[in-house]
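Protein chains in written order, with this note's numbering: chain A, 21 to 343; chain B, 21 to 343.
Careful, some of the hints might be misleading.
Interface residues of chain B toward chain A, partial, derived using beta-carbon atoms under 7 Å [what the hints assert, rightly or not]:
| no. | residue |
| --- | --- |
| 1 | Thr144 |
| 2 | Gln153 |
| 3 | Lys296 |
Hint data in this document are derived by calculation from the structure and do not stem from the laboratory. Note that CB positions come from ideal geometry on N, CA and C, so glycine has one too.
2 protein chains.
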Amino acid sequence: MAVSEFEIIETYFSHTGTPREDVVLGVGDDCALLRTPPGQLLAVSIDTLVEGVHFFAGTDPEALGHKALAVNLSDLAAAGASPAWATLALTLPDNDTAWLKAFSAGFATLAERFGVQLVGGDTTRGPLTITVQVQGFTDPGKVLRRDRARPGDRIGVTGTLGDAALALKLGAGVEPAAGTGGALTERLHRPSPRIEEGRALAGLANAAIDVSDGLLADLGHICSQSGVGALIDISLLPLSGAMAAHIKETGDWSIPLTGGDDYELCFTARPQLTPKIEAEMHRLGSGFCWIGEIGQAPGVRCRGLPGGALKGVAGGYEHFGTP
Amino acid sequence: MAVSEFEIIETYFSHTGTPREDVVLGVGDDCALLRTPPGQLLAVSIDTLVEGVHFFAGTDPEALGHKALAVNLSDLAAAGASPAWATLALTLPDNDTAWLKAFSAGFATLAERFGVQLVGGDTTRGPLTITVQVQGFTDPGKVLRRDRARPGDRIGVTGTLGDAALALKLGAGVEPAAGTGGALTERLHRPSPRIEEGRALAGLANAAIDVSDGLLADLGHICSQSGVGALIDISLLPLSGAMAAHIKETGDWSIPLTGGDDYELCFTARPQLTPKIEAEMHRLGSGFCWIGEIGQAPGVRCRGLPGGALKGVAGGYEHFGTP
Numbered sequence: 021m022a023v024s025e026f027e028i029i030e031t032y033f034s035h036t037g038t039p040r041e042d043v044v045l046g047v048g049d050d051c052a053l054l055r056t057p058p059g060q061l062l063a064v065s066i067d068t069l070v071e072g073v074h075f076f077a078g079t080d081p082e083a084l085g086h087k088a089l090a091v092n093l094s095d096l097a098a099a100g101a102s103p104a105w106a107t108l109a110l111t112l113p114d115n116d117t118a119w120l121k122a123f124s125a126g127f128a129t130l131a132e133r134f135g136v137q138l139v140g141g142d143t144t145r146g147p148l149t150i151t152v153q154v155q156g157f158t159d160p161g162k163v164l165r166r167d168r169a170r171p172g173d174r175i176g177v178t179g180t181l182g183d184a185a186l187a188l189k190l191g192a193g194v195e196p197a198a199g200t201g202g203a204l205t206e207r208l209h210r211p212s213p214r215i216e217e218g219r220a221l222a223g224l225a226n227a228a229i230d231v232s233d234g235l236l237a238d239l240g241h242i243c244s245q246s247g248v249g250a251l252i253d254i255s256l257l258p259l260s261g262a263m264a265a266h267i268k269e270t271g272d273w274s275i276p277l278t279g280g281d282d283y284e285l286c287f288t289a290r291p292q293l294t295p296k297i298e299a300e301m302h303r304l305g306s307g308f309c310w311i312g313e314i315g316q317a318p319g320v321r322c323r324g325l326p327g328g329a330l331k332g333v334a335g336g337y338e339h340f341g342t343p
Numbered sequence: 021m022a023v024s025e026f027e028i029i030e031t032y033f034s035h036t037g038t039p040r041e042d043v044v045l046g047v048g049d050d051c052a053l054l055r056t057p058p059g060q061l062l063a064v065s066i067d068t069l070v071e072g073v074h075f076f077a078g079t080d081p082e083a084l085g086h087k088a089l090a091v092n093l094s095d096l097a098a099a100g101a102s103p104a105w106a107t108l109a110l111t112l113p114d115n116d117t118a119w120l121k122a123f124s125a126g127f128a129t130l131a132e133r134f135g136v137q138l139v140g141g142d143t144t145r146g147p148l149t150i151t152v153q154v155q156g157f158t159d160p161g162k163v164l165r166r167d168r169a170r171p172g173d174r175i176g177v178t179g180t181l182g183d184a185a186l187a188l189k190l191g192a193g194v195e196p197a198a199g200t201g202g203a204l205t206e207r208l209h210r211p212s213p214r215i216e217e218g219r220a221l222a223g224l225a226n227a228a229i230d231v232s233d234g235l236l237a238d239l240g241h242i243c244s245q246s247g248v249g250a251l252i253d254i255s256l257l258p259l260s261g262a263m264a265a266h267i268k269e270t271g272d273w274s275i276p277l278t279g280g281d282d283y284e285l286c287f288t289a290r291p292q293l294t295p296k297i298e299a300e301m302h303r304l305g306s307g308f309c310w311i312g313e314i315g316q317a318p319g320v321r322c323r324g325l326p327g328g329a330l331k332g333v334a335g336g337y338e339h340f341g342t343p
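Chain A extracted, bound-state conformation (with noise of 0.2 Å):
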C-alpha cells in the first residue's frame, strides 16, 4: 500500500533531534514556529546531496542521513555557531520504508549529539536529492567568516586533510575501502562537523571556512574575499597514516591539497593568538595543525610541493568546474 506524504513526514520524521524549549510549532504545520535568543545572530545554512553527483547509488541510507546533516553543521562550525534547528526536503524515487527508517536514524543520531531539534520538511518523488538546512546561533560579537584574513595571521587546519577523497579513490563509494579498516570509510560517510572548535575558534580567530571543496579551493575563498594570499608548507600538512602512505607510494600531494568533502575548518588567526588558540583546542581534545600564513600576493601558494605532484587536478572540487 502507498505511504501517503502526509504519513512518511508522521512516521519518520516527527520526532527527530532532540526536543528543544525554544520550538513552538513543529513538524506538521504549514510553517514551523521558534523562539530566537535575544541578542544572538541567527546563522543559517543550507546543502543539497544528489544521487550519482554527491554519493553512489546504493549508499547506506543511515550514512547518507548522517552525511547530509553533517555537511550543514560543517557550515554553521565554520561560522562559529551553535547549532539549533534543521529543516529538511528529501525527494525521494520511492517510498523505501527500510530505506526511510535508516535514513532517519542516522539523521537523528547526529541531531542528538548536537542538540538539534527537526522542526520542518518536505518529501516529494523523484531523483533521490536531500537538501537539509540548519540554524544556530552566534555572538554578533565573535563572527567568524571568510573575509577576514590578514597579512601576517597564521592558517591553522583541524583534524587530518584528504581522507574522505581517499577513500573514495580505493573505491569506498559504498563499501568500506580496501586494507583500511573502515577508517577512511567513515571519514567519508560519516563526517564529524567541527562543532566545538568553531565555538572555540569564534573570537579568536580572523576568518575561518569549513574543507568541502578542497583545501586548495577553500583557503582560495578566504583569501579572494579578504584580498589576501597565502603560503602554506606541504610538510605541515595534517596527514593520516594511510594519506601519508599513499604519497610516500605515489608522489601525488593532490587528494589532501584538492580533495572534497573533510569538513574539517581552515582558520587565520593573529600569531600572537597561538598559545590561546593552541590551549583550547588541546581543551578539547582535537587534532590541529599550523599549515601556513597569510600574505599579500593574491592567490594560494605551496612551499616544498615536488614538481608533478599536483597530477591533472588544478583546484577543488567544484560541481560545474571543468571536469
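Given chain A's structure and the hints, the job is docking chain B onto it.
Here is chain B on its own, set in the frame of chain A:
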C-alpha cells in the same frame, strides 16, 4: 567554458530581492547571519518542486522562479507571518545561463514584491529540483496554525478554487490553456501568495492552511489536527467563470474540491468575527467566501454534491498517494 558553482551563485543570486537591514551577511559565506526582531516568533517553511512531478520539462524558467518562492510564501501566509528571508537549493542538469537568468528574474520580482532578500543557497548538478526555504516573523499572540479550529467556526476561503488544476487539465502545463486568455495559466504558473490576507487573519481566525493539495485534503488536515469535522456547502464554493463553465459542462466537481496548487487560504473563525473579517478583506480588496462550518463529527463532508460529481478522485493531491 564551464561556469563554476561559485560563479553561478555570484552572477545570478548575489543581489536577489530586497536588500534588508537585518541581513548582516548574505550570499557568499558559509552561513548567512541574520538579526531577528525581539519578541517575534520565527516562522520557517521549506518546499521542493521537482521537474516531471510538480512541473513539466520546458516550463518557463521565469514562472518557475516565481512559483518556487510563491509556494513557500504561501506557507508563511497560512501562518499569518511577514516574510523576510529566503534560501535556495537549486539542482540543475547543466549550466544554462539563459535559464538561470530567467529563473532568478522570476524569483527576484516576487521577492521584491514582499520585501524578501535571498540570503543563501547551494547549486548542485543533477535532475532539475528546486528547494526554497523562507523565513518570516509572527506575533506570538497572533499565530495561525492548523490545530485550533473549533466546532461552530465558520470556514472561509480566499480567491477562487480549482483554477490551477483546470489549467493543467486543459493542457497548460507549459503553454497557456486553450481558450482561457491566459488567466488560468497565470493561476497555475504564477500563484499569488496571500500574505496580506494571512496577516489580516492573524489574531482573528482560529485555524488556517494554504490550499496546496486541494480543499478537501487541506481542510481535512485542519479537521484531523484540530479533532473536529467540517461540513461545506458546494453551492458556496468560490469559482472562476472558467471553472463554473467546466462544471456546468461536465458535472464534475472534483477539480475545485481536490485540485492542488491553488495557494488560497482556507481558515476557520468564530461566527461573531464575521463582520471584522469581512471588513479586513474588503480593506485589502481580497475576494473571499464563507463555504461552511466546523462541527464535532470527524471528516469533511459536502452538502449539495450531486451523485457521481467526484469522478474517481478520493482525496487531494498527494505525491505518494494512490494514483
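Outcome of the hint check:
1. Thr144: holds (5 Å)
2. Gln153: OK, holds: Gln153 (chain B) within 7 Å of chain A, min 5 Å.
3. Lys296: violated (23 Å)
The earlier numbered hint that this structure contradicts is number 3, and it is the only one.
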